Amino acid sequence: MKVIQVKCPKCNTAISMKQRDKLFLCTQCNTLHTRDEGVEIVPYEIAEFNPRLHGDDLYIPFWKMNCAFMIRSKQVQGGGLSRLAAWLKGSSNTGNIMIYIPATDLDPGTFRRLVTLFMTNPPKYTTRFNFGGIRNLASNVTKKEATELADFAVVTMEAEQPGVLQYLDYTLTVNDSKIVYLPFMNTSGGLMPAL
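For the sequence shown, this note's numbering assigns the number 14 to the initial residue and increments by one for each residue that follows.
Hints are supplied without guarantee of correctness; some may be wrong.
[Unchecked claim] With a cut-off of at most 27 Å between alpha-carbon atoms, the simulated DSS-like pairs for lysine-lysine come out as follows:
#1 K157 <-> K137
#2 K20 <-> K137
#3 K137 <-> K35
Keep in mind that the hints were calculated from the coordinates and are not lab data.
Bear in mind the structure is a predicted one, so any value in this text is a computation, not a measurement.
Using the sequences and the hints, build the whole thing.
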């Protein structure tokens, strides 16, 4: 196995990490990049913790994707496309939606819960410059994988609603994406947002 020293694509500083991560943060110039299909600088934000919520604190990386959604045709029996209708505002078949996909390994139940939570109630936060000594989970979901998961998340969430989704022909286009490190507390009841 060949070991290669990872260097920042912006300032050429050597980057050392204690965990396996697909995203590399340069602490010298604060540039985040990935090396999935060549070197790509990734825009990112770090959300501020709610000062009243602290415990076993950690940051979880999410792919925040601004998506254009268009329904070409649909067939639903015994109900409507309730969540999509809310996102697309009224009877429109097109609109923009923000999708947050965890960029780290989570169990399927937690993954679904967090995707649903942030799609139905997008997080509001102020940003900070660094992690402030709070650990962050490793990122191991690529932007390409997150795009595929976003597509799956939209259909899965809609299929769980009352009524029977029989047919949905749509397009989901990711207009832009960034990594957002959101604050969480690790509690006995599971991961809880600390926004």
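### Violated hints - listed by number, lowest first
Result: hint 2 breaks, nothing else.
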